[in-house]
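A.B. asks: Quick note on the numbering used here: the sequence shown kicks off at 224 and runs consecutively.
Check the hints yourself; a few may be wrong.
What the hints assert, rightly or not - Here are the in silico distance ranges between beta carbons for each label pair:
| no. | residue 1 | residue 2 | range |
| --- | --- | --- | --- |
| 1 | F249 | L422 | 20 to 26 Å |
| 2 | T324 | Q402 | 47 to 53 Å |
| 3 | Y478 | Q281 | 26 to 32 Å |
| 4 | G352 | F249 | 36 to 42 Å |
| 5 | L243 | Q281 | 29 to 35 Å |
| 6 | L389 | L243 | 21 to 27 Å |
Treat the hints as calculated values from the structure; they're not laboratory data.
Here the structure is a predicted model, which means the values were calculated and not measured.
Backbone N, C-alpha and C fix where the C-beta goes; we use that ideal spot for every residue, glycine too.
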Amino acid sequence: MKRKKGNLFWLQIVGLLLGLLWLSPFYLMVVNAFKSKRDMFADVLGIPSELVFDNFVQAFIDLRFVQSFFNSLLITVISIAVIVFFSSMAGYALSRNKSKTSGVILLVFVAAMLIPFQAVMIPLISLFGQVDMLNRFGLIFMYLGFGSSLAIFLYHGAMTGISKSLDEAATIDGATKFQTFWHVIFPLLKPISVTVGILNVIWIWNDFLLPSLILSDAESTIPLRMFMFFGQYTRQWHLALAGLTIAIIPVIIFYFFAQKQIIKGVSEGAVK
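Starting from the given sequences, assemble the full structure and let the hints guide the process.
C.D. replies: Listed below in structure tokens is the structure:
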């Protein structure tokens, strides 16, 4: 018994040390964001002797935070909505139609996950440029294509645990296929929808490569603005770190409000 308590104690110590190690970059970022340039290079690890809020004001303006935040939010929200909507319907249709054709289609979607974006980058950009879709709408359409494979695979797996008797009961009550899906099946897919949403939010919000090839300066997202911002302030790290602190605030707020849904979705999915 004492040995188990001793092992638990050392595990807690190791966990605490790993937690401090993980938090150290955030500490350096936030602390130095409030320093002047001279104070930062004089003592990187120390607490600022005077809080310089002007760093955040200048970073907020130069980062064009309101515009870039709106662009990131618009692209992310619409992309998640279309991925969840179309992928859930596709997963439902493929799971309910037991045929060789549906099996081949599912296999194609699964195989598409193995194809890296870099392999299709040049022809894809060329094709979208010919139809004048190198904009936010075209980017959302691309996210739908790249994000659907994993989402359909997850929805298809979740549908196997939902009885077909629900479809039959809804059909007897006079519901159409879409009404059956939207009002009966889709609410039962909430845990997997939360999982799909979280995975794609992380990817889409932080994506840099695809927006950098498609979006103009006026449509730039937060990762693009941060890239330009760091290029502009390579020797003024106090301003760069202030901008980085501002940029990660939306992600922290999102996880703060979404953590309950994440835990609930994982637990409900485990029970099923």
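A.B. asks: If a hint holds in the structure, say so; if it doesn't, say that too.
C.D. replies: Each hint tested on the structure:
1. F249 to L422: 20 to 26 Å: Between F249 and L422, where Cβ atoms are some 23 Å apart, the hint holds.
2. T324 to Q402: 47 to 53 Å: Taking Cβ atoms as reference, T324 and Q402 lie about 25 Å apart, which means the hint is violated.
3. Y478 to Q281: 26 to 32 Å: holds, 27 Å
4. G352 to F249: 36 to 42 Å: With a Cβ separation near 40 Å, G352 and F249 satisfy 36 to 42 Å, so the hint holds.
5. L243 to Q281: 29 to 35 Å: holds, 31 Å
6. L389 to L243: 21 to 27 Å: violated, 50 Å
In terms of the numbered hints stated before, the structure departs from hints 2 and 6, listed from lowest to highest.
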